[in-house]
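Here is what each chain is made of, one letter per residue.
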Amino acid sequence: MAGGTAPAVTLPIALDEVHAEQVAPNGAVSVHFVNNVLAAAASYVEEDPDAARDALAELGAFLTHRLRPPRPVPLSDELDHVEVYLRLQEFRFPGRLDAEVGDSDAPRTLVGPGDVQRPVGAALDGWLARRPGRVRVRLMPAGERLQLRLDAPDTPDVEPELITIDLAASVRRTT
Amino acid sequence: MTNGLAILAVDDEPRALADISRLLESSASVDRVATATSAKEALVSLSGGRYDALFLDVAMPEIEGMALARLLRRFADPPAVVFLTGHPDAAVEAFEVQALDFLVKPVTRERLDAALRRVEAHVQGAEARPAASADGDGATAPDVVAVDNPRGGGKRLVRVETIAFAQASGDYARIVCDDGRFLLRTPLTQLEKDWASAGFARVHRAYLVNLTHAVELRAQPNGTAVLIMRDGTEVPVARRGVAALRRRLHA
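Just so you know, the protein sequences line up as chains C and R, in that order. Mapping of the first sequence onto my numbering: position 84 corresponds to residue 87, and the numbering continues sequentially without gaps. Mapping of the second sequence onto my numbering: position 98 corresponds to residue 131, and the numbering continues sequentially without gaps.
Take the hints with a grain of salt, since some may be wrong.
Here chain R is said to cover these stretches of chain C; the calculated rule only asks that three of the stretch's residues, wherever they fall, bring their Cβ under 8 Å from a Cβ of chain R [to be verified]: (1) 38-48; (2) 89-100.
One side only, chain R facing chain C, incomplete, derived with CB under 8 Å [to be verified]: (3) Glu46; (4) Arg48; (5) Ala49; (6) Ala51; (7) Gly81; (8) Gly82; (9) His120; (10) Val137; (11) Glu143; (12) Ala147; (13) Arg151; (14) Ala154.
Because the hints were derived from the structure by calculation, they are not lab data. Backbone N, C-alpha and C fix where the C-beta goes; we use that ideal spot for every residue, glycine too.
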């Protein structure tokens with residue numbers, strides 16, 4: 004089905020079926036991810052110190068969101084966290100990401116920290132690992148669900164991937 | 034080694050590759066650094082030039098670093114492999130493919146220098162190998178090997194110095210060490226090369242012995258011999274190996 008769209012997959016976010024890089028005990032931050040971001044930041048230290056500083060600041064924000072004690076956070080905060088994550092991935096893979104994250108349309112929805120980032124990270128890692136070239140990521144909230152779409156804009160014959168991230172389990176857990 | 038080291042750095046993450054390349058280029062012991070962003074690119078580079086070592090990312094698309102390291106072991110004179118990873122849990126598998134070192138990203142200069150010293154020692158050992166295998170000298174054997182763990186699966190790390198002998202078991206080797214017997218997924222011929230500098234000698238087609246664990250060489254009436262190990266185990270010595278072993282032991 005060249006150029007078509009793969010059937011959407013729905014992922015309940017409580018499901019820990021994620022890429023190895025993102026798998027960490029109790030939803031903790033992946034050591035692999037953190038170390039690779041630090042390696043990318045180190046690479047900028049001499050040639051672009053401002054970029055190095057930005058990478059470290061973004062990593063600080065990422066870790067702050069995740070390492071504080073477990074608590075419910077507004078979905079909008081979690082989406083900001085996803086954007087931080089995507090910027091960190093751009094530091095690791097410059098020029099390979101084209102990312103867009105929509106605004107939450109459910110301001111009262113609370114989720115667990117990382118509950119959206121983990122499935123997004125799992126899907127994105129798979130794309131970055133399997134294919135060369137750019138990956139386009141679109142994450143659009145729709146109530147207690149999010150629609151994640153990934154495609155390869157430079158390779159039209161690669162089927163886009165559609166994933167529905169179901170927040171229901173997370174919302175129940177945190178309210 | 035007459036010149037500085039030639040290193041091929043391989044990582045699919047461009048910034049991580051830039052970082053390790055810069056560190057390597059600024060090292061006094063390194064003469065030349067080339068880079069590749071995939072295992073395929075690395076193989077192309079290896080076909081066109083000689084490198085003393087690969088600094089190799091573990092997790093890469095298509096062909097992972099571990100798979101490339103296994104492939105390199107089929108080369109007649111493979112470069113040393115130093116793994117780079119963001120995930121320390123891959124260390125056990127790195128030992129299995131007999132990597133020279135294992136670095137967790139981001140790499141500190143001190144840790145990198147230590148790895149480069151190991152590469153230098155490895156290269157010098159390779160250059161001196163004919164003499165080394167004759168007199169048992171050298172410093173290139175790994176400190177630890179990863180063996181199949183019979184209890185609960187996974188891998189168990191065994192210090193080479195605790196291994197008394199290895200016995201051929203098909204394409205693999207069964208090692209006998211202070212902690213028991215384990216299967217090592219490496220042919221005896223490869224272990225003979227890898228462990229020559231650690232005091233091991235091939236005394237029989239099926240046996241590689243750590244001579245520091247032997248307490249007696251006992252001649253047999255048919256011209257063969259047996260080595261008596263510390264625990265009393267007798268290891269056969271082939272007839273054609275007896276004279277060389279006597280010379281080595283000044284017996």
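Going down the list of hints, with the structure as the test:
1. 38-48: holds (count 9)
2. 89-100: holds (count 4)
3. Glu46: The hint holds - R/Glu46 has a Cβ within 8 Å of chain C, the shortest such distance being about 5 Å.
4. Arg48: R/Arg48 check passes; min Cβ-Cβ to chain C is 4 Å, inside 8 Å.
5. Ala49: holds, 4 Å
6. Ala51: It holds, given that the least Cβ distance between R/Ala51 and chain C is near 4 Å, below 8 Å.
7. Gly81: Since chain C brings no Cβ nearer than about 22 Å to R/Gly81, farther than 8 Å, the hint is violated.
8. Gly82: Violated - the Cβ of R/Gly82 stays beyond 8 Å from chain C, reaching only about 24 Å at its closest.
9. His120: Since the shortest Cβ distance to chain C is 4 Å, the answer is holds.
10. Val137: holds, 6 Å
11. Glu143: violated, 14 Å
12. Ala147: violated, 18 Å
13. Arg151: violated, 21 Å
14. Ala154: violated, 26 Å
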